[in-house]
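Since the structure of chain A is provided, determine the placement of chain B on it from the hints.
Protein sequence lines, in the order shown, are assigned to chains A and B.
Note that the working numbering has the first sequence beginning at 1, numbered continuously upward.
Note that the working numbering has the second sequence beginning at 1001, numbered continuously upward.
Hints in this document: simulated from the structure, not taken from any laboratory.
You may find that some hints are simply not true.
Stated by the list, open to error - Among chain B residues calculated to face chain A with C-beta under 8 Å, some are: (1) K1038; (2) P1041; (3) E1044; (4) G1097; (5) F1098; (6) K1099; (7) G1103.
Values in this document were obtained by computation on a predicted structure and should not be read as measured data.
Even glycine gets a Cβ: it sits at the ideal position worked out from N, Cα and C.
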Amino acid sequence: EPEVTQTPSHQVTQMGQEVILRCVPISNHLYFYWYRQILGQKVEFLVSFYNNEISEKSEIFDDQFSVERPDGSNFTLKIRSTKLEDSAMYFCASSGLAGGLGDTQYFGPGTRLTVL
Amino acid sequence: AQKVTQAQTEISVVEKEDVTLDCVYETRDTTYYLFWYKQPPSGELVFLIRRNSFDEQNEISGRYSWNFQKSTSSFNFTITASQVVDSAVYFCALGRGFKTIFGAGTRLFVKA
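The following block holds chain A by itself, in its conformation from the complex (with noise of 0.2 Å):
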């Protein structure tokens, strides 16, 4: 059964430093997201992508924040200048032809973040 992977599976950074948290959706899916949920708490929408630009953003998802499909497997989440608020689990989820009619997002291991 296709599904979604994340690499890697848990990223150590120091605050101020740029991170990469990669994903692959699955195979023939057109939408991709990410969401975090910071240890204990909910699971927050991050961003949606889709045809190689967002779709939609939260407010958590500032200009530290940016997203991109390098090639046709890949949808990466680059952090720029961490913080320690960063820290949290995020996931990457795709869906496919319908995508913004509430099509079912199929989520990702996820990445732990630490931030020291």
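Positioned in the frame of chain A, the structure of chain B alone reads:
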């Protein structure tokens, strides 16, 4: 405002008990989608069900069943004859447009 409320923070049951997880949502949209996801201790998010706003039929899948009532804006989830493997955090979520809004989750402990 779009919002999902899961009032039960934690529930503890003994194996084989039935348990219902409550979910109340708020939206002004006429077309929307509701989801349940399971997050086991390993941390991944596992899709359980998707329901659109025009389909109020209840659904049963094995030991799982869902009750969707638009009149009360609720989408409750029942596990029948719970098992230890059901121990997890369960999230109810509201899908609109390009994003999914999650509730705070209910942590379910099933004791042997």
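A quick look at each hint next to the structure:
1. K1038: Violated: closest Cβ of chain A sits about 11 Å from K1038(B), beyond 8 Å.
2. P1041: Constraint on P1041(B) not satisfied, violated at 13 Å.
3. E1044: holds, 5 Å
4. G1097: Since chain A brings a Cβ to about 6 Å from G1097(B), closer than 8 Å, the hint holds.
5. F1098: Holds, about 4 Å.
6. K1099: Status holds, d = 4 Å.
7. G1103: holds, 7 Å
Hint violations for this structure: numbers 1 and 2, all remaining hints satisfied.
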